[in-house]
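**Q** Starting from the known structure of chain X, arrange chain A on it as the hints suggest.
Number of protein chains: 2
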Amino acid sequence: MTEIASILAQADDNVAAGLNRLMQVMRIPSISTDPAYAPDCHRAAQWCLETLRELGFDARLCETEGQPIVLGHDLSAGSDSGPHVLFYGHYDVQPAEPLDLWTHPPFEPCVIEAPDGRVQISGRGASDDKGQFMTFLEACRAWRDAAGSLPLRISILLEGEEEIGGPSMLPFLEAHKAELGADLALICDTEMWNRTTPAITTMLRGYLGEEFTLIAANRDLHSGAYGGPARNPIHVISDLLAKLRDESGCILIPGFYDGVTEPSPATLASWDALRQPDAEVLAAVGLSCPAGEVGFTAQEQIWIRPTCEVNGIWGGYTGVGAKTVIPSQASAKLSFRLVPGQDPHVIRAAFRDYLTTLMPEDCRIEFTGYDTSRAIEMPIDSDALTRCRQALEDEWETPAVLMPDGTSIPIGGDFKSVLGIDTLFVGFALADDNIHSPNEKYDLTSFHKGIRSWVRILAALRA
Amino acid sequence: MTEIASILAQADDNVAAGLNRLMQVMRIPSISTDPAYAPDCHRAAQWCLETLRELGFDARLCETEGQPIVLGHDLSAGSDSGPHVLFYGHYDVQPAEPLDLWTHPPFEPCVIEAPDGRVQISGRGASDDKGQFMTFLEACRAWRDAAGSLPLRISILLEGEEEIGGPSMLPFLEAHKAELGADLALICDTEMWNRTTPAITTMLRGYLGEEFTLIAANRDLHSGAYGGPARNPIHVISDLLAKLRDESGCILIPGFYDGVTEPSPATLASWDALRQPDAEVLAAVGLSCPAGEVGFTAQEQIWIRPTCEVNGIWGGYTGVGAKTVIPSQASAKLSFRLVPGQDPHVIRAAFRDYLTTLMPEDCRIEFTGYDTSRAIEMPIDSDALTRCRQALEDEWETPAVLMPDGTSIPIGGDFKSVLGIDTLFVGFALADDNIHSPNEKYDLTSFHKGIRSWVRILAALRA
Numbered sequence: 001m002t003e004i005a006s007i008l009a010q011a012d013d014n015v016a017a018g019l020n021r022l023m024q025v026m027r028i029p030s031i032s033t034d035p036a037y038a039p040d041c042h043r044a045a046q047w048c049l050e051t052l053r054e055l056g057f058d059a060r061l062c063e064t065e066g067q068p069i070v071l072g073h074d075l076s077a078g079s080d081s082g083p084h085v086l087f088y089g090h091y092d093v094q095p096a097e098p099l100d101l102w103t104h105p106p107f108e109p110c111v112i113e114a115p116d117g118r119v120q121i122s123g124r125g126a127s128d129d130k131g132q133f134m135t136f137l138e139a140c141r142a143w144r145d146a147a148g149s150l151p152l153r154i155s156i157l158l159e160g161e162e163e164i165g166g167p168s169m170l171p172f173l174e175a176h177k178a179e180l181g182a183d184l185a186l187i188c189d190t191e192m193w194n195r196t197t198p199a200i201t202t203m204l205r206g207y208l209g210e211e212f213t214l215i216a217a218n219r220d221l222h223s224g225a226y227g228g229p230a231r232n233p234i235h236v237i238s239d240l241l242a243k244l245r246d247e248s249g250c251i252l253i254p255g256f257y258d259g260v261t262e263p264s265p266a267t268l269a270s271w272d273a274l275r276q277p278d279a280e281v282l283a284a285v286g287l288s289c290p291a292g293e294v295g296f297t298a299q300e301q302i303w304i305r306p307t308c309e310v311n312g313i314w315g316g317y318t319g320v321g322a323k324t325v326i327p328s329q330a331s332a333k334l335s336f337r338l339v340p341g342q343d344p345h346v347i348r349a350a351f352r353d354y355l356t357t358l359m360p361e362d363c364r365i366e367f368t369g370y371d372t373s374r375a376i377e378m379p380i381d382s383d384a385l386t387r388c389r390q391a392l393e394d395e396w397e398t399p400a401v402l403m404p405d406g407t408s409i410p411i412g413g414d415f416k417s418v419l420g421i422d423t424l425f426v427g428f429a430l431a432d433d434n435i436h437s438p439n440e441k442y443d444l445t446s447f448h449k450g451i452r453s454w455v456r457i458l459a460a461l462r463a
Numbered sequence: 001m002t003e004i005a006s007i008l009a010q011a012d013d014n015v016a017a018g019l020n021r022l023m024q025v026m027r028i029p030s031i032s033t034d035p036a037y038a039p040d041c042h043r044a045a046q047w048c049l050e051t052l053r054e055l056g057f058d059a060r061l062c063e064t065e066g067q068p069i070v071l072g073h074d075l076s077a078g079s080d081s082g083p084h085v086l087f088y089g090h091y092d093v094q095p096a097e098p099l100d101l102w103t104h105p106p107f108e109p110c111v112i113e114a115p116d117g118r119v120q121i122s123g124r125g126a127s128d129d130k131g132q133f134m135t136f137l138e139a140c141r142a143w144r145d146a147a148g149s150l151p152l153r154i155s156i157l158l159e160g161e162e163e164i165g166g167p168s169m170l171p172f173l174e175a176h177k178a179e180l181g182a183d184l185a186l187i188c189d190t191e192m193w194n195r196t197t198p199a200i201t202t203m204l205r206g207y208l209g210e211e212f213t214l215i216a217a218n219r220d221l222h223s224g225a226y227g228g229p230a231r232n233p234i235h236v237i238s239d240l241l242a243k244l245r246d247e248s249g250c251i252l253i254p255g256f257y258d259g260v261t262e263p264s265p266a267t268l269a270s271w272d273a274l275r276q277p278d279a280e281v282l283a284a285v286g287l288s289c290p291a292g293e294v295g296f297t298a299q300e301q302i303w304i305r306p307t308c309e310v311n312g313i314w315g316g317y318t319g320v321g322a323k324t325v326i327p328s329q330a331s332a333k334l335s336f337r338l339v340p341g342q343d344p345h346v347i348r349a350a351f352r353d354y355l356t357t358l359m360p361e362d363c364r365i366e367f368t369g370y371d372t373s374r375a376i377e378m379p380i381d382s383d384a385l386t387r388c389r390q391a392l393e394d395e396w397e398t399p400a401v402l403m404p405d406g407t408s409i410p411i412g413g414d415f416k417s418v419l420g421i422d423t424l425f426v427g428f429a430l431a432d433d434n435i436h437s438p439n440e441k442y443d444l445t446s447f448h449k450g451i452r453s454w455v456r457i458l459a460a461l462r463a
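Line by line, the protein sequences give chains X and A.
Here full-length UniProt numbering is used: the first residue of the first sequence is 1, the next is one more, and so on.
Here full-length UniProt numbering is used: the first residue of the second sequence is 1, the next is one more, and so on.
Bound conformation, chain X alone:
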């Protein structure tokens, strides 16, 4: 039996126990957005700490202003073994509401068989991100159990604020730059291309969150007594939002597209096998026709084009029936997805300037800023990526695709800007995992073959 075969056999032997360990940590409702669950976040961090120590890591719990960060190192493989890798995951989860839509209690994880015969782990965090980071920890366990040690120098960083924008992480990275001096980051928080095709995500969009409120009269007015001359902030907000995009879907904020770079021909070519007709991309959500920039397919609009989406709007009377009010204010929340070449801070300033210049008389605007992150584009010809891709192909017996993702994982950009290292985004989630929604699940194949994939990737990255 080759070394790799013996490690994989160990991983197979461990999978039932690994599933129990995953369900242990899933039972802890580590919801970071709600202060009521802070003790649970702490419990989850403690659980991670003990697990890393059990795996032989020199681990500690680092308090922050928010939830603790768990950091562990096992550098015993030595500098000749190959790159020092930094694995990142997060132990916090989204709230479980609406609870009545769950078919099983969100924090009482269980293994269920779906109508189509797929075996799935059900519960909040199954996929995002407890199930995913546990594939890496269980791969480390298999190496340790079968080979007695890890094949590479490995550091593991598990945070508890990913679902709230990770405010503690960037200062933590700055403060621990030397200690975190790895050669390559690994993140398991992305999807496979489909149930049978593994993927490395090489491009992710950046993010910018904004909220604004328009204020006109000094109080709510009666639409009979003042309707006509009174500035109505709902009309103003509609006009402003309508002026953010033109008929062809182009965003009208001056300078918005400055510096936008297109992916290289090689990158574009690497996606050829992934292309789907627009109707197919949109059918699952009940749509048929791409609503973004004219001249791009639905996939291109998601993969490589920046967007400006309104995520929420409110103002005036929103209860049952009619109320003839002209409200004194109205508000909206927006998110921008950014592509390589766009600086979120420049876009924020341009957005605010643009709306401010459009303001009519008797109306003022107040802005609130949320998170920002730059788009991420990883080299597709690096040695590490080539080795990782082969390891995934060996496990899944089909070539691993390189794919872009329209969502944002800011930590990848932080690893690059603060630590100067690239990230390999390898995940085993599926599009139907219901992350952030009721009935979140993780396929048992994602968990089991995910562990095996990491066993192979660690071997493949060795010098």
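Hints in this document: simulated from the structure, not taken from any laboratory.
Treat the hints with care, since some could be wrong.
Since the list can't tell identical chains apart, any single copy or any two copies may satisfy a pair.
Unchecked claim - Derived pair list, reagent style DSS-like, types lysine-lysine, alpha-carbon separation capped at 30 angstroms:
#1 K323 to K449
#2 K323 to K416
#3 K449 to K416
#4 K243 to K323
#5 K416 to K177
The structure displayed is predicted, hence computed values, not measured ones.
**A** Positioned in the frame of chain X, the structure of chain A alone reads:
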């Protein structure tokens, strides 16, 4: 002592007892919009019934599908006395919320002295409409107490659904057309021009309430995963609302202005003394510049121009912080104020057609209709108006103005269309009465001189 002097003296003698009677009915929380207060609405109707009977009216309580209507007749003055008048008021009130903003409990009425020395009756319904309709009932009482009988044939109609759009009233009018065959309606639910100048309201705008919901995807989407190609109903609603009005404030619904008539030169001239600079009209609410149709003053925009105002908008995530959702739907509530010549049903159809033709792909629209009423324009040279105006001048010792009002009192239109009679709108409310708001009040001068005004008007209308 002349007859009128003795009736007025009786009214003066009765005013303290009348105030107690008003406070009795104000203690009943007859909130029509909340089913929990249905028994209180019934109690208020019963109180009105007993009061009319005490005044010698042949009165009864008419059950409807909603709150009861109280109807009473005293036709003993005979047909030679002059016009048979139909007085209308409403005993229902608005909810009192937000309760914490009241300086005195809303349903424990009391008499207070304002900082500027004005004596005021405080409580929900003080002005709208219990205090107002009681001025008429107390005028009838003074006539009865001093002269032994009423000077005219009088019918009194008090309803309990005015604040919810009066759904029972129109069918009631249709069903009791013969019984309600008066010559002239009197409504006490409007304002004076200012604290010292009485007014007859001769023009009121009509009303049309609409709500619509836009629906795109079959569920809420992640703005990273679908941002770009997914149709965002908040963008669509913004575009639609932006297309309702052009830069000059004109409403763009095809046919919206068809048939709109301007007031006659005589009517326009009758308002000359009322005209105020735009800045003065808007300063009280913290605004400075009319936002309606270019070419009209702020007052003209309120008095004689139709409007389309959004009263509420909502969609997506409206809680604290950011959520990167593309919602599946978004909604808005609108109200139109209409002027003479506009049919609310034609406008409704035109509005719905217009939005429907503007709908982009992958989006559908659903409409909900609320109340409608036509604008009201009363002749300004009728005999009844001239007599009434003189009576008001006699009481207030200053000419009564004829004024337009931007709000809507649908029952006036119903009296015209069903019963074929005109209405004299005479009210003693003031702009600072806080109707529909916390700390509603009615000045004691409004109540006392309001009673005296009706004493004189009833005398003046005699043949």
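**Q** For this structure, which hints from the list above don't hold up?
**A** Structure breaks hint 1 only.
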